[in-house]
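Chemist: The residues making up each chain are set out below.
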Amino acid sequence: MTAVVEERDQSLLTRVQHLLHAQATIGPAVVLLASVIVFALLSERFLTPGNISLILQQVAVVGTLAVGQTIVILTAGIDLSCGAIMVLTSIVMAKVAAETGLPGLPALLLGFLVGTLCGLLNGFLVTRLKLPPFIVTLGTLNVFFALNLWYSHSATIRGTDMPSLLLFTGQTFTVGGTRITYGSIMLVLLVAAMAFVLKNTAWGRHVYSTGDDLEASRLSGIRTARVLLSVYATAGLIYAVAAWTLIGRIASASPQAGQTDNLDSITAVVIGGTSLFGGRGAVVGSLLGALIVGVFRNGLALAGVDVLWQTMAVGVLIIVAVSLDQWIRKVKA
Amino acid sequence: MTPVLQATGLVKRYGKVTALAGADLELLPGEILAVIGDNGAGKSSLIKALSGAVIPDEGSIFVDGAEVSFSSPLDARRAGIETVHQSLAVSPSLDIAANLFLGRERRRPGVLGSVFRMLDRAGMRDEARRQLDALGIMTIQNPGQAVETLSGGQRQAVAVARAAAFGSRVVIMDEPTAALGVRESRAVLDLILQVREKGLPVILISHNMPHVFEVADRIHIQRLGRRKAVVDPKSVSMSDAVAIMTGAMEPPGV
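Protein chains in written order, with our numbering: chain E, 1 to 333; chain A, 1001 to 1254.
Hints in this document: simulated from the structure, not taken from any laboratory. Any given hint could turn out to be false.
[Said to hold, decoys possible] Some residues of chain E that are not near chain A, with every Cβ distance over 12 Å (derived):
(1) Leu-54
(2) Ala-98
(3) Thr-100
(4) Leu-131
(5) Asn-142
(6) Leu-149
(7) Asp-161
(8) Thr-174
(9) Ile-180
(10) Leu-219
(11) Gly-281
(12) Ile-318
[Stated by the list, open to error] Per the computed footprint, the stretches of chain A lying under chain E, defined by three or more beta-carbons under 8 Å from a beta-carbon of chain E, are:
(13) 1085-1093
(14) 1101-1109
(15) 1221-1231
[What the hints assert, rightly or not] Now the in silico label distances, taken between C-beta atoms and shown as ranges:
(16) E:Val-30 with A:Gly-1152: 30 to 36 Å
(17) E:Ala-146 with A:Val-1111: 43 to 49 Å
(18) A:Asn-1039 with E:Val-316: 38 to 44 Å
(19) A:Glu-1058 with E:Leu-131: 46 to 52 Å
(20) E:Ala-193 with A:Gly-1110: 19 to 25 Å
Even glycine gets a Cβ: it sits at the ideal position worked out from N, Cα and C.
Looking at chain E on its own, in the form it has when it is part of the complex (with noise of 0.2 Å):
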């Protein structure tokens, strides 16, 4: 008898398949790289330094939001406080510099802690009240955006009234003729050492292992709860270097800013290939994400498209993004 070699299906697609599964960025990485192609081609202003530089300048408010949102969703979680804490995050800086003198980094440092509170907030409402993650940052985006127009009595406080720390975000340095902000610069830093965090340690991997499976890993030995509230803390700690880069970005810091900042960092977690189920995904995508929809609405505005168009052609990315996913999830061995 000879020995029966087993079929294994190994079609295209099931390779496609397997391919994804094992590095998710790559989905992304392929669908910026062709949308830059399509909108180079469909306008000549495309890829012009001033283009590419606004839309960098455009997506690293909801970038820096993104690896925020990026760590809370890969715990299964899910914050639409972010914005609000951003917000509110800016306008503490600026407002405390503003009317008592205070210097750039001292305010800067006030507002990270204030964001990290705010973080922690929630992840404290989330692990000791064990209440849905969605619920508990609805009810925060309330809270803090309240406090927000308390606090800041409904008023921009003006760029020219900061120290000049707390606009650095906003400046600029050239690069073969495309201005680039430091805003920018901190974003791709900013998710360099999340990346490294992430794959390198054990907290990394402990945040992988909490969204994958809460109980698995609890029986395991990992304090989940522990693992939750830091990776909430340290999310709000990123939503204030957001602010930062917010109020460089507007040159000012004003209490109705950002107000869809919250989904749309969602929309490029999503798009970024990261699994709102928990467990998968990388924050290198989430930047890819960002830079997707910054590209899909300024490409297509370029090409004389309707800003309705636009928003439809995103939502349309989302569910895309999130089909793919459950396929990608059904992978085989």
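Given the structure of chain E, go ahead and fit chain A onto it with the hints provided.
Modeler: Chain A only, in chain E's frame:
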């Protein structure tokens, strides 16, 4: 002989339901002790109490004769008790090596480990390979493979390897063959025997009488939240064990 692990008078109530009503258990060095019982007899609660997953309301637990109190699975682990839960407690999206070291990751030596907190990935992967080889788990080729791409038996093997690698006193296995086919069950039973050969005593919870009678040195029969009897599989028949378990027969010599 001092029992490696001993429980006396464990009580656990969930509201009006009493899962454990003064349960005792003794595990002797180097033995495989099977725990059998009907549904609701308190097997799972007993095992959860021993592995730190639930805190009993009353009663005492002794490790090597010294009283201990576990408030989390981590406490039991520190006492050298490793548990293979029925749910396996593995993280599907992480790879095999990551799962083996989950919750006790090793860091790189020097500054990379102490300042940058970097994991010793290569070291953990090699160690995972060694542990799998030591238990004769040859069907798994690559410790870098994600657990979700493994078959049920392979996942079970990973969970058993983890327990065997880190358990220094006791390995507890909850229904390790329940979800497996004939061939995979065989492999897991062999694994259990190998764990005993390493000198580690094993508590095996199972519904499968042929499996229990094949590997167990003694059989603990749990009924209505208490230990009804401990029998020798060589002197008691399978049907008698089931009869004692269901209350159809009184245990011999009581």
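Chemist: Next step is simple, just say for each hint if it's right about the structure.
Modeler: Okay, the hints, checked on the actual structure:
The beta carbon of Leu-54 (chain E) is kept farther than 12 Å from every beta carbon of chain A, the shortest such distance being approximately 36 Å. For Ala-98 (chain E), the condition that its CB be more than 12 Å from all CB atoms of chain A holds, with the nearest at approximately 38 Å. With a least beta-carbon separation of about 36 Å from chain A, Thr-100 (chain E) lies farther than 12 Å from that chain, consistent with its non-interface assignment. For Leu-131 (chain E), the condition that its CB be more than 12 Å from all CB atoms of chain A holds, with the nearest at approximately 22 Å.
Separation of Asn-142 (chain E) from chain A is adequate, the least Cβ-Cβ distance of about 34 Å exceeding the 12 Å criterion. At the 12 Å boundary, the C-beta of Leu-149 (chain E) stays outside the reach of chain A, the nearest C-beta of that chain being 40 Å off. Non-interface call for Asp-161 (chain E) relative to chain A: holds, since the shortest CB-CB distance, roughly 40 Å, exceeds 12 Å. Every beta carbon of chain A lies more than 12 Å from that of Thr-174 (chain E), the smallest distance being close to 33 Å; the non-interface claim holds.
Every C-beta of chain A lies more than 12 Å from that of Ile-180 (chain E), the closest at about 28 Å, which supports listing it as non-interface. Residue-level check failed: Leu-219 (chain E) sits 4 Å from the nearest beta carbon of chain A, not beyond 12 Å. With a least beta-carbon separation of about 9 Å from chain A, Gly-281 (chain E) fails to lie farther than 12 Å from that chain, contradicting its non-interface assignment. No Cβ of chain A comes within 12 Å of the Cβ of Ile-318 (chain E); the nearest lies about 22 Å off, and the non-interface call holds.
For the stretch 1085-1093 of chain A, the stated coverage by chain E holds: 8 residues have a C-beta nearer than 8 Å to a C-beta of that chain, and at least 3 were required. Here the stretch 1101-1109 of chain A counts 5 residues with a CB under 8 Å from a CB of chain E, which clears the bar of 3, and the coverage holds. Check result for the stretch 1221-1231 of chain A against chain E: violated, 0 residues qualifying (beta carbon to beta carbon below 8 Å, three or more required). With their beta carbons about 34 Å apart, Val-30 (chain E) and Gly-1152 (chain A) fall inside the hinted range of 30 to 36 Å.
Under the hint 43 to 49 Å, the C-beta atoms of Ala-146 (chain E) and Val-1111 (chain A), about 46 Å apart, fit the expected range. For Asn-1039 (chain A) paired with Val-316 (chain E), a C-beta distance near 50 Å fails the hint of 38 to 44 Å. At about 32 Å, the CB distance of Glu-1058 (chain A) to Leu-131 (chain E) disagrees with the hint of 46 to 52 Å. The hinted range of 19 to 25 Å is satisfied by Ala-193 (chain E) and Gly-1110 (chain A), whose Cβ atoms lie roughly 20 Å apart.
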